[in-house]
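Student: Chains as they are written, first to last, in the working numbering: chain U, 69 to 276; chain R, 69 to 276.
One or more of the hints may lead you astray.
In silico lysine-lysine, BS3-like type, Cα no more than 27 Å apart, as pairs [said to hold, decoys possible]:
hint, chain 1, residue 1, chain 2, residue 2
1, U, Lys-84, R, Lys-84
2, R, Lys-174, U, Lys-250
3, R, Lys-151, R, Lys-254
4, U, Lys-250, R, Lys-99
5, U, Lys-174, R, Lys-250
6, R, Lys-254, U, Lys-84
7, R, Lys-223, R, Lys-250
8, U, Lys-99, U, Lys-153
9, U, Lys-223, R, Lys-151
10, U, Lys-223, R, Lys-174
11, R, Lys-174, U, Lys-84
12, R, Lys-153, R, Lys-99
13, U, Lys-254, U, Lys-211
14, U, Lys-207, U, Lys-250
Hints were generated in silico from the structure; no laboratory data involved. Fair warning: this is a prediction, and the values are worked out from it, not measured in the lab.
There are 2 protein chains.
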Amino acid sequence: MLRENVSGAVIRRMPKYFRYLDELHQNGVAKISSRALAECMGLTASQIRQDFNCFGGFGQQGYGYNVETLMNEIASIIGVNRKHKAIIIGVGNIGRALIHNFDFYKCGFNLIAAFDADRALCGANIGGIQVHHIDELEKFYDKTPIEVAIMTLPKAPAPQMAERLAGMGVRGIWNFTNMDLKMTNKSVMVEDVHFADSLMTLCYRISE
Amino acid sequence: MLRENVSGAVIRRMPKYFRYLDELHQNGVAKISSRALAECMGLTASQIRQDFNCFGGFGQQGYGYNVETLMNEIASIIGVNRKHKAIIIGVGNIGRALIHNFDFYKCGFNLIAAFDADRALCGANIGGIQVHHIDELEKFYDKTPIEVAIMTLPKAPAPQMAERLAGMGVRGIWNFTNMDLKMTNKSVMVEDVHFADSLMTLCYRISE
Chain U
69 MLRENVSGAV IRRMPKYFRY LDELHQNGVA KISSRALAEC MGLTASQIRQ
119 DFNCFGGFGQ QGYGYNVETL MNEIASIIGV NRKHKAIIIG VGNIGRALIH
169 NFDFYKCGFN LIAAFDADRA LCGANIGGIQ VHHIDELEKF YDKTPIEVAI
219 MTLPKAPAPQ MAERLAGMGV RGIWNFTNMD LKMTNKSVMV EDVHFADSLM
269 TLCYRISE
Chain R
69 MLRENVSGAV IRRMPKYFRY LDELHQNGVA KISSRALAEC MGLTASQIRQ
119 DFNCFGGFGQ QGYGYNVETL MNEIASIIGV NRKHKAIIIG VGNIGRALIH
169 NFDFYKCGFN LIAAFDADRA LCGANIGGIQ VHHIDELEKF YDKTPIEVAI
219 MTLPKAPAPQ MAERLAGMGV RGIWNFTNMD LKMTNKSVMV EDVHFADSLM
269 TLCYRISE
């Protein structure tokens, strides 16, 4: 499958396609034209075709796309079928909110453990996920290598933790620390969820 | 101040500038060149100058920027000094996590109340914020108009709630429902925090 020179903007739209197609599929829609898909997603039909062409293109123009087939193709491009192993570091409010409410499995991940620096929390079971002490991290990893760590810990220990994870061999970090992590190992992918940047963008827009 | 034709990408970088300048200021840095600022932010000096030119440009090239002045200019562009009134709708895990941990004030907002559909929660005080029943929303708004609503409620009631807020006169929605809200009133700004899209983007990147 083609995958070269796919721009960041196209990559960011793939989950949105998946989300919409999944909903259409659940609503029993079997076929959809690029025009109708574009309309419900707030894009243009030509943009959709261009996006899909980055991956070799799929579906038959004019006849519309088979929703289930297209959804599965995109799922496979994103890799949501891979169920990468993930751990969560920090079980404060955000960590707990994610454990309880977020569907990791649907997004391609299998959340297998949580870690925290607070010894009082160790051994606890939060929403089916066992909490280990952060000192156990390497020992745990040696037995069960994980691909991704979700960082929901405070800012101060975050940079060192990111380097520690990279050193262990973690391939991706989902970063909720509200700070930019500068990784020595550039092959570790960091995806930021910057609440402050998001809210300040809204602040700008309503202040205009 | 110039503000026309500012692209979405530039708008999204303004909070990041503010965040970095605030940190430099807190660390006692008084002056910084566009080159050094670019380096620590992972941008180029020319991009920074272009971004600032959208707002008329500030600082003296060659002499560097005065950190505090620049920070204040950007704060005023974003509007973080306005302290817009905000309410939060839905005090589940995400709602509580935001109330307890997120610095609304620093991002330009004054969080004044919370609402929930669960009568058992009404009257409760969460981190200094009083929880009202959702039926009280209009009555509350009549006395205390708010600019922004933070939607941390489930998906199902979300579209109707968004329209209700727009009808009341709310100008912005910070959307944590993980669904795209299609507003009838296009002047209401919606800023999405799509956890699923973010994690699936990471999934793609580590699957490459």
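Student: Please go over all the hints and tell whether each is borne out by the structure.
Tutor: A quick look at each hint next to the structure:
1. U:Lys-84 <-> R:Lys-84: holds (24 Å)
2. R:Lys-174 <-> U:Lys-250: The given pair, whose Cα atoms are some 24 Å apart, holds under the 27 Å limit.
3. R:Lys-151 <-> R:Lys-254: holds (23 Å)
4. U:Lys-250 <-> R:Lys-99: The hint holds at about 22 Å.
5. U:Lys-174 <-> R:Lys-250: This hinted pair holds, its Cα atoms lying about 24 Å apart.
6. R:Lys-254 <-> U:Lys-84: holds (21 Å)
7. R:Lys-223 <-> R:Lys-250: Holds, because 13 Å separates the two Cα atoms, which is no more than 27 Å.
8. U:Lys-99 <-> U:Lys-153: Given pair Lys-99 of chain U, Lys-153 of chain U is violated - Cα atoms ~33 Å apart, limit 27 Å.
9. U:Lys-223 <-> R:Lys-151: holds (24 Å)
10. U:Lys-223 <-> R:Lys-174: holds (16 Å)
11. R:Lys-174 <-> U:Lys-84: The given pair, whose Cα atoms are some 30 Å apart, is violated under the 27 Å limit.
12. R:Lys-153 <-> R:Lys-99: Outside the cut-off at roughly 33 Å; violated.
13. U:Lys-254 <-> U:Lys-211: At roughly 25 Å apart (the allowed maximum being 27 Å), Lys-211 of chain U and Lys-254 of chain U satisfy the hint.
14. U:Lys-207 <-> U:Lys-250: holds (25 Å)
Hint compliance for this structure: hints 8, 11, 12 are broken, all remaining hints hold.
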